[in-house]
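Full structure from sequences and hints, please.
Now for the letters of each chain:
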Amino acid sequence: MILVVLLFALAASETLNDLIYTKVNFGDTICFRMNNFNSQTGCQTGRDGDNGILYPVQSENGLADDLQTLDIPIIAVLNASLFTNTTINALKAYSQTKGVLIMEEDDMEPQSMEKSCPGNGYNIGESASDVVGRQCLNSHKWNPLGNWLMYYDLPFGVSLIKGDEREKVTSRALENLGSDGKIIATRRWGGEIKVFMNAAQDTKTCIRRGTCDPISGVTTHVFMAPREVAGKPIILVVTKADAAAFFKSLSYGGEASAASIAVVLGTIGALANVRDNDAQNNFADLECDIMVSFLQAESWDYSGSQRLAYDLRNESFGYGPYNISLSDVKLVIEIGPISISNSLYLHSYKADDTVTQARGYFSNTSGLVFTPRDTLPPSSLHSFYREDDDLSGLLVTDTDSKLLSSAYGSRYDILDYTDDDVDLYSNLSGVLASVILQIAGGNSTSYAVANSTLISETLECLAVNKNCTLLRDSLNQDPADGLLSRYSSVGIRNDTKYLILLAQYYSKTLLEDIPVESCNSTTPSSWYLYKFQGSCYGTMVNTTYATSPAFVLGNYTSDQYSTWTESRWTASYGIRLFTMTDHDESVGVFVGGLVYFVVLSAVIWQCHRKREHIFAET
Amino acid sequence: MDITRITREQKIEISRKYFLVGIPFLPWVWIINVCWFWGDAWNKTNHIPEVRRYVIWSGIGALLHLAIITAWIAVYQSERVRWGELGDDISLHVPYGSP
Numbered sequence: 010m011i012l013v014v015l016l017f018a019l020a021a022s023e024t025l026n027d028l029i030y031t032k033v034n035f036g037d038t039i040c041f042r043m044n045n046f047n048s049q050t051g052c053q054t055g056r057d058g059d060n061g062i063l064y065p066v067q068s069e070n071g072l073a074d075d076l077q078t079l080d081i082p083i084i085a086v087l088n089a090s091l092f093t094n095t096t097i098n099a100l101k102a103y104s105q106t107k108g109v110l111i112m113e114e115d116d117m118e119p120q121s122m123e124k125s126c127p128g129n130g131y132n133i134g135e136s137a138s139d140v141v142g143r144q145c146l147n148s149h150k151w152n153p154l155g156n157w158l159m160y161y162d163l164p165f166g167v168s169l170i171k172g173d174e175r176e177k178v179t180s181r182a183l184e185n186l187g188s189d190g191k192i193i194a195t196r197r198w199g200g201e202i203k204v205f206m207n208a209a210q211d212t213k214t215c216i217r218r219g220t221c222d223p224i225s226g227v228t229t230h231v232f233m234a235p236r237e238v239a240g241k242p243i244i245l246v247v248t249k250a251d252a253a254a255f256f257k258s259l260s261y262g263g264e265a266s267a268a269s270i271a272v273v274l275g276t277i278g279a280l281a282n283v284r285d286n287d288a289q290n291n292f293a294d295l296e297c298d299i300m301v302s303f304l305q306a307e308s309w310d311y312s313g314s315q316r317l318a319y320d321l322r323n324e325s326f327g328y329g330p331y332n333i334s335l336s337d338v339k340l341v342i343e344i345g346p347i348s349i350s351n352s353l354y355l356h357s358y359k360a361d362d363t364v365t366q367a368r369g370y371f372s373n374t375s376g377l378v379f380t381p382r383d384t385l386p387p388s389s390l391h392s393f394y395r396e397d398d399d400l401s402g403l404l405v406t407d408t409d410s411k412l413l414s415s416a417y418g419s420r421y422d423i424l425d426y427t428d429d430d431v432d433l434y435s436n437l438s439g440v441l442a443s444v445i446l447q448i449a450g451g452n453s454t455s456y457a458v459a460n461s462t463l464i465s466e467t468l469e470c471l472a473v474n475k476n477c478t479l480l481r482d483s484l485n486q487d488p489a490d491g492l493l494s495r496y497s498s499v500g501i502r503n504d505t506k507y508l509i510l511l512a513q514y515y516s517k518t519l520l521e522d523i524p525v526e527s528c529n530s531t532t533p534s535s536w537y538l539y540k541f542q543g544s545c546y547g548t549m550v551n552t553t554y555a556t557s558p559a560f561v562l563g564n565y566t567s568d569q570y571s572t573w574t575e576s577r578w579t580a581s582y583g584i585r586l587f588t589m590t591d592h593d594e595s596v597g598v599f600v601g602g603l604v605y606f607v608v609l610s611a612v613i614w615q616c617h618r619k620r621e622h623i624f625a626e627t
Numbered sequence: 007m008d009i010t011r012i013t014r015e016q017k018i019e020i021s022r023k024y025f026l027v028g029i030p031f032l033p034w035v036w037i038i039n040v041c042w043f044w045g046d047a048w049n050k051t052n053h054i055p056e057v058r059r060y061v062i063w064s065g066i067g068a069l070l071h072l073a074i075i076t077a078w079i080a081v082y083q084s085e086r087v088r089w090g091e092l093g094d095d096i097s098l099h100v101p102y103g104s105p
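Here the protein sequences come in this chain order: A and B.
Here the numbering used here is used: position 353 in the first sequence is 362, and no number is missing along the way.
Here the numbering used here is used: position 15 in the second sequence is 21, and no number is missing along the way.
These are computed hints drawn from the structure, not numbers from a lab.
Built from N, CA and C at the ideal position, the CB exists for glycine as well.
Check each hint, because a few of them may be wrong.
With a Cα cut of at most 25 Å, we get these calculated SDA-like pairs of lysine to any residue [claimed, not checked]:
1) A:K213 <-> B:R11
2) A:K203 <-> B:Y102
3) A:K339 <-> A:N323
Using C-beta positions, here's what the derived DEER-type ranges look like [said to hold, decoys possible]:
4) A:S138 <-> B:V81: 25 to 31 Å
5) A:D593 <-> B:V100: 35 to 41 Å
6) B:V81 <-> A:L12: 53 to 59 Å
7) B:W34 <-> A:E594: 43 to 49 Å
The structure is reproduced here in structure tokens:
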């Protein structure tokens with residue numbers, strides 16, 4: 010009987026919870042906290058959530074003044090186009106802002122939430138401890154449209170609401186406005202946002218308390234052929250593999266890195282074609298080995314490239330012939346953003362003989378124009394130069410004096426490409442393969458061509474839908490639908506696994522002399538063997554951690570290496586809506602109830618005293 | 007125990023013991039000593055000089071402790087964050103989500 014009553018009470022309480030609260034579904038688009046060596050960024054709520062009246066923000070103009078007239082806790086509700094510095098500064102200045110709910114807009118002008126000077130403090134010649142506020146050390150702003158919102162420290166939660174959930178929130182928020190456009194006094198809609206972050210203050214503090222983890226992921230490396238001789242010079246080709254955005258789960262990085270990844274993969278494919286089919290270019294006889302690296306965590310002050318350069322300088326990169334040192338690297342070629350313009354620039358910090366030679370191999374080819382520049386935009390090359398400024402480095406990018414993307418470092422950075430663009434990327438891949446081959450001591454060859462169909466399929470995976478033909482074939486299962494988000498995070502994510510698969514696919518060589526039954530790691534071979542579609546293939550793809558050298562050294566206050574960490578948080582987060590009564594009304598009800606209780610108690614007491622008279626027998 | 011029923015010598019002994027017990031950072035024992043024996047210490051007609059002595063010392067000790075603890079709490083609350091690792095090491099509970 011008691012059990013039945015308890016079960017009934019439990020069921021009734023769930024129903025009551027549903028009656029009181031309206032849950033808002035927002036997936037995983039939350040803003041969470043990150044720390045570095047001297048600060049914290051991101052968002053934070055109280056442990057049990059923060060609540061306030063839903064306050065619709067109509068305009069950023071005059072918002073600060075309007076908020077001064079209020080004295081109530083608010084959850085600001087605003088359209089995505091109003092998520093600007095002015096709005097956020099006004100909301101931060103109002104001490105009772107408890108949260109911000111952003112309503113996604115379908116057609117919106119893209120905005121860049123990155124720094125106006127990416128890599129500020131970690132470019133060559135800079136020190137992060139010299140950075141004050143949002144001032145760029147290098148006065149040249151490579152990303153002039155950057156509004157730094159990704160690096161704000163917000164004392165409230167922020168979330169993005171999409172789809173039908175927007176109507177749920179905005180309709181209630183607008184009901185809170187009276188005919189005079191001001192918040193009504195009673196019976197208002199309120200909201201609660203709960204996103205509690207464990208970490209605080211800075212990386213040193215949160216690491217000590219065990220409340221955060223270093224930004225990491227793994228960098229994927231591809232050797233075009235087994236490295237037989239230790240100390241043999243290397244041509245190192247690098248590109249950024251990750252992306253970033255205010256809401257990390259929406260880090261698409263279309264223009265920032267998706268196109269360059271496809272081009273580099275195409276280059277690998279073109280080089281593999283030469284390796285496997287061109288008898289004039291025996292890769293074992295080349296003067297240089299060729300290594301390609303897809304650098305993870307680059308969006309966080311070049312963490313991946315810093316780690317690679319550090320490992321190379323300290324000869325802790327690999328084993329045997331793969332224990333490569335920085336002095337083995339003849340040339341670093343980086344492929345930066347290349348998707349917006351077909352006028353490409355060949356930047357270098359200093360134009361030594363190797364760089365001049367490399368530039369000479371680039372020729373204006375169909376649809377592409379190459380122009381040398383003696384400047385160096387924000388790029389991974391800075392990390393290599395900081396370890397060894399005698400290094401030869403070349404950056405290939407469509408950036409001349411500023412980044413062309415207006416959505417750098419935001420969820421709006423989605424690659425929009427055509428068949429003509431695919432042809433251009435294929436051209437570029439072929440040109441790069443030819444240049445690399447010649448610098449490595451090989452001969453120019455007609456085999457250095459990229460497979461444009463493959464590049465098109467790759468772009469579909471990276472920039473349209475990760476449930477794509479190429480990955481389905483490689484994984485033997487269907488990835489989930491949707492754009493591929495490439496935030497590096499703290500572990501090995503699916504997007505990295507996809508990249509490893511793609512790198513294997515492009516770089517593989519068919520090993521006809523090894524039966525597929527023997528195609529496994531126990532078979533002696535210079536190659537890493539794997540079975541694919543009934544045949545045995547060899548590949549030289551491996552990974553290393555992209556964790557910043559600051560964490561290897563245990564120097565969490567380093568101003569030379571990236572120190573970004575991501576806060577830990579509980580899985581219990583969410584947004585819900587409910588009606589809120591006016592405070593005065595609540596007090597009135599309570600006091601009235603108290604008075605009623607006292608009066609009733611007095612009446613009952615008096616009745617008790619006079620019970621013999623009241624209930625006397627007649 | 008009903009202190010109104012014990013003898014004068016017993017009161018002196020108890021007051022003395024409470025004073026001694028309170029020495030190792032037990033100011034509450036001293037405060038109890040002061041409260042219990044206030045009457046016996048300051049009774050105009052029948053005060054006990056020895057008890058008065060222990061009550062005075064207990065009172066001074068309790069006030070001193072209160073001042074020290076209050077000062078320490080104020081310093082700890084204002085400086086714990088700045089002390090960094092030391093501040094965390096001397097704290098029983100380190101807060102999540104805040105410095």
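Results for each hint:
1. A:K213 <-> B:R11: 63 Å, violated
2. A:K203 <-> B:Y102: Holds - the C-alpha atoms of Y102 (chain B) and K203 (chain A) are around 15 Å apart, at most 25 Å.
3. A:K339 <-> A:N323: 17 Å, holds
4. A:S138 <-> B:V81: 25 to 31 Å: 29 Å, holds
5. A:D593 <-> B:V100: 35 to 41 Å: 40 Å, holds
6. B:V81 <-> A:L12: 53 to 59 Å: At roughly 55 Å between Cβ atoms, L12 (chain A) and V81 (chain B) fall inside 53 to 59 Å, so the hint holds.
7. B:W34 <-> A:E594: 43 to 49 Å: 44 Å, holds
The structure fails hint 1 only (numbered hints given earlier).
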